[in-house]
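Asks: The lines below spell out each chain.
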Amino acid sequence: MQPPAPPKITAVEVEAAQPTEADSVAIARLSAETSRSLPQIPYTVKVRIKPKPPVTSMAWALYVDDVLIPKYWEYEDGIYFTVLDPQFFSDHKGKPLRFSQNGVDFFDTGMKLPAPTAPTAPSKSKGKAARPSKGRARR
Amino acid sequence: MAILNNPALAGAAQFDTIIYGASPLAYPAPLIQYAIYNTPDPAYVTGRINVSAFANLGGGAAWPFLNTNVPLNGHVCIPRGRGPFPLAMFAHGNHNPLENSTPGYLYLCQLLASHGIIAATIDVNFLNGFNFGENDGRAIVHLEHLKQFRTWNNTATHPLHGKVDLNRILIVGHSRGGEGVGHASFFNRLASVGGVTLDGSGPFLLGPYRFGLTAVAAIAPTDRQFTPVSGPTVVPDHYYIIHGSKDSDVFDFQGYHTYERAHVVDLANPTVSDGKFKAMLWVHKANHNQFNSIWASETPVGVAMPRASQEEVAKVHLGALAQAVLLDRAEYLEVLRDHGAAVAWDPAGTEFVSQYQDPERVFVQHNQEGLGAPIVSLPVQGTVAADGVVAARQLTALVAGVTTTITLRLAWSALGARLLLRVDPSTLPAERYKTLTLRVGQSTEANNAANRDQDFTLEVSSGSHTAAIPASCLHRLLYPDPPPFGPAKIMMQTLRLPIERLVDCGVDPTDLRSIALVFDRRSTGTLYVGDLQCSN
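Order-wise, the sequence lines are chains X and E.
To convert, note that position 124 of the first sequence is 124 in our numbering; the numbers rise steadily by one, no gaps.
To convert, note that position 454 of the second sequence is 454 in our numbering; the numbers rise steadily by one, no gaps.
Note that these hints are calculated values from the structure, not bench results.
We treat Cβ as the ideally placed atom computed from N, Cα and C, and that holds for glycine.
Cβ-to-Cβ under 10 Å is the rule here; a few derived chain X residues that face chain E:
no.	residue
1	P3
2	T20
3	T56
4	A59
5	Y72
6	V104
Kindly generate the complete structure, drawing on both the sequences and the hints.
Replies: Right, dumping it as structure tokens:
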């Protein structure tokens, strides 16, 4: 038997989204924690993966450089996570996306985190997702 | 000791199996198997809950609801009679959401119900998919199901009114659900998680919990896919873990880290215990999926033990746990203390490695003081001398991942080597305990002969009298079972030497002066050793 291979990322996109109620609560809390007024605009980072690996309990944790993305979710073309603090992009734009199963061994996907486009027309949010913030992953 | 009956055999209690579920949902064709929850028993119609603060719905399935209103669906086996009955609740892990994982533990629910335990298995399929980090959500779903049973128990007109013993609850989770029960145990005592209140107030209306959780059991769990702000979850309740050597999903036995974090020695107060036990069962040839009767085996034919055998192992050992913690049959703890107590019930030829840490113990050498030379641990006082054996404290990765527990590595290359601990008998009240205990495991390093049990002699002295007991008289020290892939795990076996046996050999437990590991039974070897203690 062979150990599972890391997913292959084919593209990464960032979209502004409309906040869900859970997003709004989280943004409010994050604003209070950071003493900054964060915009009510969550960003969805879509990571296209092909082929999608089988559903297992073991997981490929996704990192932007050395920052763990605490939660991500599946959609038709891959996975996505939500960023609530735009500072995250300022801090990590252009940094490599990496996968790891154990926090020790890392696989570079060859892809980097792009910057978001201007949030002119938010798409419908997919709901609560990961909330990386400035310089660190957070709950 | 009382004669134990095989806990895998059905008991005498009659029970009914019913489905509970939320109001009807329009499941699309690929999810039609979930339509069974549209017609629950009329008395067992549930509500929906909002998990959006913790999780999105898993992908790969068009669920007819949002994460703001997921249903509380499940199957429950309810003993007939007045009760109150203890409650056991199972949760599955991550799997293809197009296959309903929930009924996969009915074989265990039926067993427990036949012994007078209300046993449920819950639907968490809507969190399944190629996701990551949602195991806090699984924990919340588990706790909300418990809350539903508390509501029924407290509703005068409900068939379960007064029948649920809310102070005897066992939560069991498999795979990511196994990680989830650890978080549930932790969340159960909290007023909020990540800023989300758990007091029943808005906007998410979750909680309150604070159940009388008796024990937490994890079957082949993941670890740290979710990490609370406060750090990796430390399970505060009695903790039990079972994992198979041929697991090809959670192939690195990461749940061992959960086990290691639970009920550790408090270095500031090493004699103080949190009053909880933990136990581990490592099952050679068991794989991941066969603990769930629905999931197809993930290993090729012939790699793992037959499914029926693996289910029998689960019934024996989880049955024993339930008997002990839910039905007050403490004699079944013997199966946790020593898997050999179940040898007549387990499938013939099955090999196990087990660990048990009793809440009543005093450590002689736990090794957690640091990576320096090995010492005798306070408050016991004494010295350590290595003769012909290289003794080094190491953060050895006994399983893959980041290790936080220091283990003592002992390597020798000639017969007669020994590690000698001389202790001040006035600091070690061995007579107050039932056993002298340590955990020991061998690796695949070249000086251990492949596929051969390792062995040594445990020499305990009170001065003029010495008892010399081969480790193999207490338990086999198995050579690591080859994993499906990746490095072999080093699984330490708990060896429990009864103090009574020492007394029979003339050793005075009130005057215990030395404990030695004498390597006189194999000419070479490497062993990993931990948690030498007097214990119950």
